[in-house]
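Protein chains in written order, with full-length UniProt numbering: chain A, 1 to 310; chain B, 1 to 297.
In short, the hints are calculated from the structure, not lab data. Warning: the hint list may mix true and false statements.
[Claimed, not checked] Here are the computed distance ranges between Cβ atoms for each label pair:
hint, chain 1, residue 1, chain 2, residue 2, range
1, A, Phe141, B, Phe33, 24 to 30 Å
2, B, Ser165, A, Glu36, 55 to 61 Å
3, A, Ala58, B, Phe33, 55 to 61 Å
4, B, Val236, A, Asn303, 50 to 56 Å
5, A, Leu59, B, Ala82, 35 to 41 Å
All values reported here derive from a predicted model rather than from experimental measurement. Every residue gets a Cβ at the ideal spot worked out from N, C-alpha and C, and that includes glycine.
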Amino acid sequence: MVSYIIKRSLLSIPLLVIISFLTFGLNNLSPLDPVEVILHAQGVPTITDELIVETKAALGMDRPFLIRYLNWFVSCLQLDFGNSYVTGKTVWSLLAPAFLNTLKLTLISAAAIIALSIGLGVISALREGKMTDKSIRGVSFFLTSMPPYWLAALMVWYFSVQLDLLPTSGMDSYESYILPVIVITISYTGIYFRMVRSSMLSNMNEDYVLYGRASGLPEKKITMHILRNSLQVAISVFCMAIPIILGSTVVVENIFAWPGLGTLSVKSILSRDFPIIQAYVLVLAMAFVLFNTVSDIINAAMNPKLRKGH
Amino acid sequence: MKRLQFLLKDKLAAASLSILVVTIVAGIFAPLFAPHDPEEVHMELRYAASSWEYLLGNDHLGRCILSRLIFGIRPSVLWVLAALAVSVGIGAILGFIAGYFRGLTDAVVMRICDVMLSFPGYVMTLAVIGILGVGLENILIAFVLMKWAWFTRIIRTSVMQYAESDYVKFSKVLGVSDIKIITKHMVPVSLPDIAVIASSSFGSMILQLSGFSFLGLGIQAPNAEWGMMLNEAREVMFSKPEFMLAPGLTIIVVVSAINFLSDALQVALDPKLLASKYKLQGQGPASTARLQGKEVA
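The task is simple: from the sequences and hints, build the whole structure.
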C-alpha cells in the first residue's frame with residue numbers, strides 16, 4: 001500500500017509541472033500586451049512606446065519566455081504569485097482569504113450533498129419503481145434542469161425580501177451560509193444521487209446478493225452489504241466533487257456577494273488582472289490533481305484489486 | 001427506424017423531442033417567428049405587463065420580451081449546439097484514431113486528455129474568458145477546449161470495445177483497409193454511443209453558458225440571450241420579480257426536454273436496455289457512474 005501511495009503521488013508531479021507551464025503559457029496567448037494593461041490599470045494618461053519598454057524591463061518581461069516561466073515557477077513554489085495589476089497588493093494576500101471562504105462554503109455544501117445523495121439514492125434504489133422512487137427522481141430531474149442562479153435569485157427574493165428571514169448577501173454570520181449552501185446542494189444532489197442509486201441497483205443484481213438471500217441472511221444485513229459495495233464507487237466520485245464544487249461556485253458566489261474565489265476571479269477577469277487569474281487557475285487545477293490523487297489512493301486502500309494494476 | 005418508433009411511443013420523450021424541434025426551428029427562423037424587433041426600444045412601454053401586442057410584456061427598455069426570447073435561442077441553444085458538434089467531432093476523430101490504432105498515438109492522445117481534464121471545467125472557461133476577453137465566442141471556444149478531451153476519452157473507450165470484436169478482427173485478416181473498417185464497421189456501431197454522450201452534455205452546457213452570460217461575461221448588450229435577460233431582470237428583482245419568470249422558465253423547459261430526451265435516447269439506442277426497459281432504467285456499470293461524476297466539472 002505504501003509503495004502504491006508513493007507511486008501514485010510521484011505520477012502526479014509531472015502533471016502538476018505541465019499544468020503550471022500551461023497556466024503560464026495561457027497568459028502569453030492574450031491579445032493584449034500585459035504591460036499596457038498594467039499601465040492602464042495604474043491610470044497612466046498617455047502610454048508611449050518608451051514607457052512600455054521601460055516598464056517591460058523593470059518587470060523583467062523582456063526576458064525569454066522560458067526564463068520568465070522558471071522564475072515564475074520558483075516564486076509560485078514559495079507562494080509568491082506576484083502583484084495584482086490593479087491594486088498592487090500581492091496576489092497571495094487577495095487569494096488566500098478568498099480561497100478559505102470558498103473552501104468553507106464548498107465543504108459545508110459537499111457535506112450536505114453527500115448526506116442527501118446517499119440518503120435519497122439508497123431510499124430510491126430500495127424502492128425502485130415505486131412512488132417514492134419516481135417522485136424523488138422526478139423532483140431531482142426538475143431541479144438539475146434549473147439554472148442555479150435563477151433558483152438563487154428566487155430564494156433571495158422570497159426568503160430575504162418577502163419574509164425577511166435571511167441576509168441577501170455577504171458572509172457575516174452563520175445565517176449567510178444557509179441560502180448559498182442550499183442552492184449549491186440542490187444543483188448537485190440531483191447528479192450525485194443518480195450515481196448512488198445506479199451503483200446500488202447494479203450491486204443489487206450481483207451474485208453475492210442472491211447467495212445471501214439463498215443462505216437466508218436477513219434483508220437488513222444484505223442491504224448493508226450492498227451499501228458497503230456501492231459506496232466504494234461513490235467515495236471516489238465524492239472526492240472529486242469537492243474540487244468540482246470549489247471551481248464552480250462562481251455563479252452562486254456572485255449572486256450572494258460571497259467574498260470568495262468566484263467573486264475574485266470574475267472581478268479580475270473584468271479588469272484584466274492577469275496575475276490573479278493565473279494564480280486562480282493554477283491553485284484550482286492543483287487542487288483538482290491533488291484530490292484526484294487522494295481519491296485514487298482511497299480507492300486502492302478499499303479495493304486491493306486496483307493496487308496490482310499499477 | 002424501430003428505435004425511433006420506440007422513442008416516439010414514449011409520450012414524454014415525444015413531447016421533449018417536439019419542444020426541442022420547435023425551439024431549434026424558431027431559433028433558425030427567428031425573424032419569422034418573433035412578433036417584433038428584439039432590439040426595438042419603446043421607452044413609453046417600460047415594464048409593461050403582457051398585452052395582446054406584446055404577449056409576454058416589455059423589459060426595462062420597453063423591448064418585446066417574447067421576441068427577445070425567440071432571438072435568444074440563437075446564442076443560448078444553437079451556438080451551444082455548434083460548440084457541442086465541434087467538440088464531439090474532434091473527440092470522435094481523435095477517439096477513433098486512439099481507440100482503433102492504439103499504441104503510441106493512443107498513449108500520447110490520452111496523456112494530452114489527462115492534462116486537459118485536470119483543469120476543472122468552470123475554471124478553464126474562466127481562464128479562457130480572462131485571457132481572450134468577455135464575449136460569447138470566447139465562451140464557446142472555452143467549451144470546445146474543455147469538452148473535446150472528455151469526448152475523446154469516452155469515444156475511445158467505446159471504440160476500443162468494438163475494435164476488439166471478432167468481425168473487426170476478421171475484416172483485418174481479410175485485408176480490408178483500416179479506413180474502410182473504421183467507416184464501414186466502426187462508425188455505424190459507435191454512433192449511438194456518441195449520440196448519447198453528446199446529448200447528455202448539451203443541457204449542462206446550456207445552463208453554463210447562460211450562467212456566464214448572467215454574470216456579464218458572455219454576450220454583450222443589446223443582443224438577446226436568456227442568461228443576459230435574467231441578468232437584466234435581476235436589477236429590478238426586488239420590485240418586479242415577475243421579470244425573472246419568462247427567461248427562467250424557458251431555460252428550465254428546454255433543458256429538461258434535452259435531459260429527458262438524452263435519457264430516453266440512451267434507453268432507445270441500447271438494445272440491452274430496450275429488451276428490458278423497465279428493469280434496467282437508470283442502471284449502468286460502476287464505470288459509467290464514475291465517468292459521469294467527472295463530467296460534472
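For this session: Could you tell me whether the CB distance from Phe141 (chain A) to Phe33 (chain B) stays inside 24 to 30 Å?
Result: holds, 28 Å
For this session: With respect to the beta-carbon atoms only, verify the hint that Leu59 (chain A) and Ala82 (chain B) lie 35 to 41 Å apart.
Result: holds, 40 Å
For this session: Could you see if the CB distance from Ala58 (chain A) to Phe33 (chain B) stays within 55 to 61 Å?
Result: Holds - the Cβ-Cβ distance for Ala58 (chain A) and Phe33 (chain B), about 58 Å, lies within 55 to 61 Å.
Exercise. Measuring from beta carbon to beta carbon, are Val236 (chain B) and Asn303 (chain A) in 50 to 56 Å?
Worked result: Check passed, 54 Å falls within 50 to 56 Å.
Exercise. Could one say that the CB atoms of Ser165 (chain B) and Glu36 (chain A) fall in the range 55 to 61 Å?
Worked result: holds, 58 Å
The structure is consistent with each of the numbered hints, conforming to all of them.
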